[in-house]
Amino acid sequence: MTAISRTWDQLTLPGKFLAVVVPLLLFLTAGGVITILLFGGIVWQAILDHLEIVRLLVAALALVLIFIPFAFVIIYMELKVIARMNLRIGPDRVGPWGTLMSLVPGLKVLTKEDFIPTRADPLVFTWAPVVVFATSVMSALVLPFAPGLYGQDLNIGLLYFFAVGGMAVVGLLMGGWASFNKYSLLGGLRSAAQIVSYEIPLTLSVVGLIILAGTMSLNQIVEQQSGWFTSWYVFRQPLAFVIFFIAATAEANRTPFDLTEADSEIVAGFATEYSGMRFGFFFFAEYVNVFIVSALTTVLFLGGWNAPIDLPHVAIALDPGAYGLGLLFFVLLVPVIGTLVLAAPVYLLRSQTRWWVALIIGFVLFNVVAAGLTFLWAYVSFDFVAGLVWLLGKAFALVFVFVWMRGTLPRVRIDQLMGFAWKWLLPAALLNLFVTAAAVIAVDALKGTPL
Amino acid sequence: MDRALKARLESRFADVLQGDVRQRHDQTEIRIAAGSVSDVLRALHDEPELRFVVLADLAGVDTGREMQVTYHLWSETTRDWLRVIVEGLSRDDPRIPSATFLWQGAEWMEREAYDMFGIIFEGNRDLRRIYMPPDYTSFPLRKDFYLADDAARSPGAGVRHMERTHDPADAGPAPLRTGTGT
Amino acid sequence: MATTASVPPGTHRSTDDPNVLIDDEYALYEPIPPYPPRTERELEFYTPGDGQLYLNMGPQHPSTHGVLRVVLKLDGERVIDIDPVLGYLHRGVEKLCENADYHQTISQVDPLEYVSSLFMEWAPVMAYEKLLDVEVPRRAEYIRVLAGELNRIASHALFMGWLALDLGGLTPILYSFIERDEIVEMLAALTGQRMLFNYFRIGGVNGDLNHDFLSRLGDWMSRAVNQIEANLGLLNENEIFVRRARGLGVMDSETALRYLWTGPNLRATGLPFDVRRAHPYSVYPELEFDIPTRSEGDSLARYLLRVEEIKQSLRIIDQCLEQMPDGPIMAKLPRLLRPRPGRAWAAVEAPRGLFGVYAISDGSDQPFRMRIHDPSFIHLQSMAHLLPGHLLADTMAIMASLDPVMGGVDK
Amino acid sequence: MSLVPGLGIVRGMSLTLRRFFEPKATVHYPEVKADVAAKFRGRLQLLLDEHGALKCETCFQCAQACPIECIDMGGMDTKGRFHVHWGPPETYGERREESAIRRSGRTVPDPAFASFSPEDLSPLEDILDRCDHDPKRLLEILEATQAAYGFLPVAAIKTISQGTGAWYAMIYGTATYFGHLRFESPQAEAQVRAMAERRPSEASYLDRLGASLAGQSVAGESAGASAPGAAAAGSSRARATGARPTGPRPTRAAPARGARKGGTPGSRASES
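Chains as they are written, first to last, in this note's numbering: chain U, 431 to 881; chain Y, 266 to 447; chain Z, 26 to 436; chain R, 154 to 425.
Treat the hints loosely; a few may be bogus.
27 Å max Cα-Cα, derived DSS-like pairs, lysine-lysine [to be verified]:
#1 Y/LYS408 - Z/LYS155
#2 Z/LYS120 - R/LYS192
#3 U/LYS542 - U/LYS446
#4 Z/LYS98 - U/LYS612
#5 Y/LYS271 - Z/LYS155
#6 R/LYS192 - Z/LYS357
#7 Y/LYS408 - R/LYS192
#8 Y/LYS408 - Z/LYS357
Just so you know, these hints were derived from the structure itself, not from any lab.
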């Protein structure tokens, strides 16, 4: 006993760590191997049998994980773009050009105290941000990011999107009601009235599009817009596009329709009493909503993941096996040669450059070039890379428009908001629907196909 | 200085004027008693040859012996500011009719005069403290106001070192100024 | 002390009066004062009607223009009544002025309305000059008018930004701050301070015009109009802004006179009452400028009227630079001022209205009584008349259109 | 408002988009500093003359003129005296409150200075009571204080200031005005003498003055080395102008309300 304890005392800290971890790992590995050998087949069979469930779980997890970086990017965009429009410089300290600025509020809400005010309803108060964030992520489950890259391809995808997206108002109402604060209550009620009344023009504006497309599956809607950009639905349904964009702005609580957190009237609306990560959920959900609304607009009207022009599809046939041993030399020599070639001008043109500095620069340049070439190769040879690039590009362009509007426009009053929805948007959406239906019927009649 | 205004005022308010009408620079000054304030102000406001429609200011004054209330009026019929000084209010219980029946906007100025001097404006329907806390006991702009006593009487007393009741034994009554104020 | 005594459970002591016990539940729900109503008006306000709720805005509210606290009586989103609660910024400037000598009072009244400090200095200086029978050199008067009009432009530019900010626009406030910053830098070159220029002296001004100031001024005057027009393009044309500001807090001229309105707010109701013309006080009789008026009397009219006033101020500045005479900038005065006993009242046309000072001298070196009349105080009072019937969102917009500065409201 | 609905909004958005690419109005502050006007007087600082000597003669006129009494001074006065004023660590706010109370016309009970006053101030109370806290009898009070302590301790002067309502600066002006009032205990005299030996003599200062006026600079001159020279300079100027009278001048009558701000002959003389 004493010998073991003496040996243990003589060990350094990493030594102690390893002395514990390594046997544990060995044991676990052996156990794992045995388990897999015994039951692996059954488990694998089960996974193969229910592949779509596994796919759904993986997709949901991936969406949750991918939306946090998106929210950070949008927050940075908002800070920087509005600052430049205000003739300010904006964030310029955290990271190069302040690019890491949006991490700071994230860390702040993570480290802040998370309290529940007196007389608040703890259960509802706690679950409200979860509901808001979950709905925004769930509604993104049907978004087709690229061919083959989507959570689920429901044949009622659009209906599902509106149904789930409309659930966000429940979370806002919960938060506003449970906070025991009059500002929160007013904010929650405002958001309820606003979102419920803007659901109607939002949904009606796309009914015409559904008539044209003949389907509610977002994937098929996107595929129908392939080819040149003239086939996008924005050119066939311009009025619907305008209505949808305005209503989507109200859905995402963005300026000029951000009455739910009008800071000059009701301090922060439903989020007045929230702090810490609960507020962070509201905060992220807002920006996630912005991205989702932009992505949906892109998918419905701007051709989704289709390139604006019909690119010829070239397939590079790379068969590594054909090169045999040459591949090894290729893999070994290309970095060396590329580094030397790229380092030579740096070393030769600037005499005071040390040779190792030149080599480092050359290596970095070579990595950049290699990454670019790899991306080009991936873009050409994989469809989902190309689709992702185009969809994200279009979506973030729309996000820029949202931020732009916030930097420009003042806020409308609540009665003007409702009047605009019921007096202007709704009749316009109905008009659009009737015109589209009549046009479809007329075209069919002209074609002579029976109704 | 507008002599015509002086003549008009003397002829109109001969009975209520206390002392003669003084004029200096661009100001004409009349002095009346608290009893005749309402009539004088209404006459100044309504009568066509006076028409003092703009009440520029309402101020309370503590001369150390008595309380005064001063109105500054503007009219398009004259180049002068008219100053109406209501004098002879007792420092113990100063009371004066309110001017809110003519100028609704005088309400807060009267509240301020009440807050700072303790002048009671009868007819003001909202005569509360406006600057000081509602349970404040003294009137800061009076000449015998002493901050340390006052801080000691205030609810937050004892927080800072100078907030302790001043013992009148070691330095007699508050030194009043010798100037009469006029 | 009373606060040391223990309180029964379920209650806590009032911060206003430690002798008053407040039921926690009651105190949590409503901002109703813990003491019985003292006046008729208070009883009327704090008697809740059916389905009405009280909302306490401030003193820490994003858009109460400082530390103003207003208690709103709401019916849903509609405002029934409002009760402003002042005093959170009260510094007792009048008392401080009574206890500083005549030169020191200028720096005491300076931070009253901190966006237009020169006017806060102008009125007391004029009052003291009347007490002392001082003749101010004409060059000093011209310099006062020049600096004052610059300060007026800065204040009005800031007003537009504030109005837009309370209507939810983020950008105009920063554009108007750019305008204001240029003017403030100019005035810093002239007076030596950016915000609280302690510039006007009894019998003159502190320093003469210098090349730095004149070069900045000339540079700015050449592009001022276009710059301001460009910034206003964000608001004047904007449907959302116009539709929100129109018909907001409408006031007719008779009621405005009863509420003692002055300045741009009164002129927006149609009455051309401007102290610079109604009771000329400096070299203004020698300058020619118009008094713009509008008849609507709503927030939009107040906004557009200030735009007009900026152009008139630019005219005045041009004329000042042309007619600026040579000569001394200070009257001959002893260092220790002891005016003979008397009373003096002086009023100037501040950017917010009639700003007056009523000084009483008792022959000593300190004013015996110094009364400060501030327009923001008067205009804020009429909120209770303007607001009922409007929506909660318009509360801050109407207040911003009255353009109060809490430093002046709570003297 | 334009006739076409929405046109104004479009114009506004085009304006913001143009501003998006325009040069910015703000600067990276710590790297780029905004230019300050030549006449800017926002900064309080002690100026040095061309020899690196302090121009301030510690006359306390600025402390008297400051409306909110936020100016306080310490260091060495023109007579090479030690610690003209070693005030308590006072914050701006406390000082303002204190001045507000003093201006409200009565004494200020202020224990803030008690921490660094070893002397017991009980005799001072009797002296003040004898003179019933009258600032017009300040000279009598000061002489009695010096008789009691042998010199005028800072704590005593502060107590007198609070007891009579006169400003510290005014009392200090009065005390410096009369030659027979001392500010140091006899023990401190030795210290002062030691310092006087360390200080360069007036002759060397005059040499450096002549040299610098002639245009060439004296080697090894630095601010630290020439700071004591300031005191010598001040004293030389003082002697030159003969501003050190032996007896009190005939003084004006103090104002009637002097009790409120303690108008004293010395202070009035120094003020006008």
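Checklist line | Hint check, failures only | finding: 2, 3, 7 and 8
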